[in-house]
Amino acid sequence: MITPAVPKSWYLPSKPHKFCPGCGHGIVLKALGETIDELEIQDNTIFGCDIGCSLLSWDFFACDSTQTHHGRTTPVMVGIKRARPELITIGYMGDGGGYSIGSQHLLNAAVRNEKVTLILVNNTNYGMTGGQMAPTTLPGQKTETTPYGRDPELTGYPTRGPEFLAELTPDSAYIARATVSKYKQLKRFLRNALRNQIEGNGFSFVEVLSTCPTNWRTNAQQTWRFLEDEMEPYFPVGELKSPFGKGGDK
Amino acid sequence: MQTNLKVIGDTKKSFVTGNEAVTWAALAAGAEMMFGYPITPQNEVMHYWTRLAPKYGRGFLQTEDEISAGFTVCGAVQAGTKAFTATAGPGNVLMQEPFGMAEAMRLPLFAVIQQRGGPSSGTVIYSQQEVTLTTYGGNGEGHRIVYSTATHQEIYDYTIKGFNVAWKYRFPTFLLGDGYQAKMREPLEMYDPQERGIEIVPTYPLIGLDGHIGENREPQHLCNIYSLEEELYEVVMRFAEEYESISPELVEYREEQCDDADIIILSHGVVSRAADDAVKALRAQGIKAGSFRPITLRPFPQAQLREAIAKSGAKKILIAESAYGQLDRLTKQEIYGETIKIENLFKPGVGIIDYDIVSKVKSIL
Ligand SMILES: Cc1ncc(C[n+]2csc(CCOP(=O)(O)OP(=O)(O)O)c2C)c(N)n1
Ligand code: SF4
Ligand SMILES: [Mg+2]
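Heads up: the sequence lines are chains S and F, in that order. Taking the working numbering, the leading residue of the first sequence gets 1, the next gets one more, and so forth. Taking the working numbering, the leading residue of the second sequence gets 1, the next gets one more, and so forth.
Warning: the hint list may mix true and false statements.
Covered stretches of chain F (chain S as the covering partner; in silico rule of three or more C-beta atoms under 8 Å from a C-beta of chain S) [unchecked claim]: (1) 28-39; (2) 80-86; (3) 92-102; (4) 208-214; (5) 217-225.
One side of the interface only, derived from the structure: several residues of chain F facing chain S at Cβ under 10 Å [unchecked claim]: (6) Gly59; (7) Leu61; (8) Thr63; (9) Glu64; (10) Asp65; (11) Ile67; (12) Ala69; (13) Gly70; (14) Thr72; (15) Val73; (16) Gly75; (17) Ala76; (18) Val77; (19) Pro205.
Keep in mind that the hints were calculated from the coordinates and are not lab data. By construction, the Cβ of each residue, glycine as well, lies at the ideal position given by its N, Cα and C atoms.
Using the sequences and the accompanying hints, generate a full structural model.
Below is the structure:
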């Protein structure tokens, strides 16, 4: 039997993890774990998770971790970082937590160029509460609160977070959008986002396009199709702002 | 963070506002960070802090709102930093969310509340209408410690004490003042707590610990949401027990001439000053009045109040407050079963002077 390599920074007693089968959260956290290992920051990393499916990661890492409230991970991480600048603070949140209820925290942390790293998982819905519309729900997409499909006339168009954050931040910030379908690129972006904090440059943000088969009510094939064919065209993947130049440190 | 603890050298007399007293006391107590958002009548705490803090190596962040101010304090104290905030009115409402997290995670958060009129934006002036919110404002059943001050000296003393109590017991702790106390000037003796033999309770981090994970320490996982009813039950019950066991050490109150009183005037905060004056005036007119004042609104000095009722044999209590019955409700819940008649003088959002109390007492005796 081949045992898959497990990142050193994973907390083994909490494995197997608690996400649904086919959920993208696990992929993001695997990439993050490997990146924490590679950067050798496990001992001084503070991982903070939002309330949403991200809360299931509260004991995911063998890093000091803290759980916050829905939308409030950003200010908690800002408080920790302001108090102890030597710590590496990673805030982990959903699209509802980051772009809706916590949007004024996100926006203002970006404007102040807070030296925290925030990872936002975009699964186009409120996963934990049973699949309601999120700011990122695509036009026409059916959710529990848009049973006939999201109508932009009534509820506007999906939020493109990295785009607006890139507008608000100075050049020392790092802003990117990754996807769980491109693992190597996801890791590279996470690494850059953490490097940017480690070097003390500024605000770092990575949105990750992710999957939620449970609420999308999709099988494996449909899940991947929705991610690649529906989400990725609407939410272009790439680095929007990087102090490390185009392509960054590959 | 490197802080210079010696803020006040020799004890000095000063003539300052309550907000200034908060700031000096916070500095003297070794507070390292303030997070705040402007709201009257608390603003000057931030104004003084931002002027003085850099001189003593302390930090400040003006956040985007009170929710953020509360949560940044939660983050900073988890990281082992003595942090605080100050707010009022609608800001106090917004801060109930982070205060609730501090209750659930037992965070040593300290906050100063300078009450203003309500509901809603009300007035920016004064009230005692934030008693219920400050003592029991969270969802669920968390535990907190609330000091209601009456003088600038108390603001200074209880700010120092508030930080200490928060870090000693790890229950969020509040200093409940009001717009009058915040803005008025009055004499104050500023001192260095250590010179007075007041130990400054040391801070310590809950996360961001020294050492190597997996080698000489375990990772810390702080959590505030539970999967099972029983898990939460265990937590709430444990906190409740702990709070009840420390309550006798925490309870503070003051009573004046209750031994033989026919009527006990019950009040808190600045109104208790009017009550004390009223007792003097009434006694001068041959009316046996006494006054009782909870300093800790939570935990409430219920045993002491029951004792005052018993020993005096008083026939009536007059509850006087600049609110429409918040101290009244709190008291009735605490002294349930007493048969003494309770009268009231409610002036929501309006100041109360000794004359008001004297007239009321005469009208009901
Ligand atoms: C103040 C507050 N409002 C609402 C909720 C309920 N709630 C919990 S998780 C959640 C949505 C989570 O969605 P998202 O942030 O997109 O994360 P996901 O579960 O999709 O990963 C909501 C609304 C809450 N916990 N707190
Ligand atoms: S509900 Fe969706 S986001 Fe949440 S764990 Fe399941 S698949 Fe993942
Ligand atoms: Mg979501």
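Status of each hint after checking the structure:
For the stretch 28-39 of chain F, the stated coverage by chain S is satisfied: 3 residues place a CB nearer than 8 Å to a CB of that chain, which reaches the threshold of 3. As drawn, the stretch 80-86 of chain F meets chain S at 3 residues by the rule of a beta-carbon pair under 8 Å; at three or more, the given contact holds. By the rule of at least three residues with a Cβ nearer than 8 Å to a Cβ of chain S, the coverage given for the stretch 92-102 of chain F holds, with 3 such residues. Using a Cβ-Cβ cut-off of 8 Å, 6 residues of the stretch 208-214 of chain F lie near chain S, which meets the minimum of three, so the contact claim holds.
Interface restraint, the stretch 217-225 of chain F with chain S: holds (7 residues with C-beta to C-beta distance below 8 Å; minimum three). With a cut of 10 Å, the hint placing F/Gly59 at the interface with chain S holds, because the nearest CB-to-CB distance is about 6 Å. Of the supplied interface hints, the one on F/Leu61 holds, with its beta-carbon coming within about 6 Å of a beta-carbon of chain S, less than 10 Å. Of the supplied interface hints, the one on F/Thr63 holds, with its beta-carbon coming within about 7 Å of a beta-carbon of chain S, less than 10 Å.
Taking 10 Å as the C-beta contact cut-off toward chain S, the hint placing F/Glu64 at the interface holds, the least distance being around 4 Å. The beta carbon of F/Asp65 is positioned within 10 Å of a beta carbon in chain S (closest approach about 7 Å), and the interface hint is therefore held. Interface restraint check for F/Ile67: the shortest CB-CB distance to chain S comes to about 7 Å, inside 10 Å, so the restraint holds. Of the supplied interface hints, the one on F/Ala69 holds, with its beta-carbon coming within about 8 Å of a beta-carbon of chain S, less than 10 Å.
The interface hint given for F/Gly70 holds, since its Cβ lies 8 Å from the closest Cβ of chain S, which is under the 10 Å cut-off. For the restraint placing F/Thr72 at the interface with chain S, the shortest Cβ-Cβ distance is roughly 3 Å, inside the 10 Å limit, so the hint holds. Taking 10 Å as the C-beta cut-off, the interface hint given for F/Val73 holds, the closest approach to chain S being about 6 Å. Hint on F/Gly75 holds. Least Cβ distance to chain S is approximately 3 Å, under the 10 Å limit.
Nearest Cβ of chain S to the Cβ of F/Ala76: about 4 Å, under the 10 Å cut. The hint holds. The beta carbon of F/Val77 is positioned within 10 Å of a beta carbon in chain S (closest approach about 8 Å), and the interface hint is therefore held. Here the hint on F/Pro205 is kept, as its CB sits about 8 Å from the closest CB of chain S, short of 10 Å.
When each numbered hint is compared with the structure, no violation occurs for any of them.
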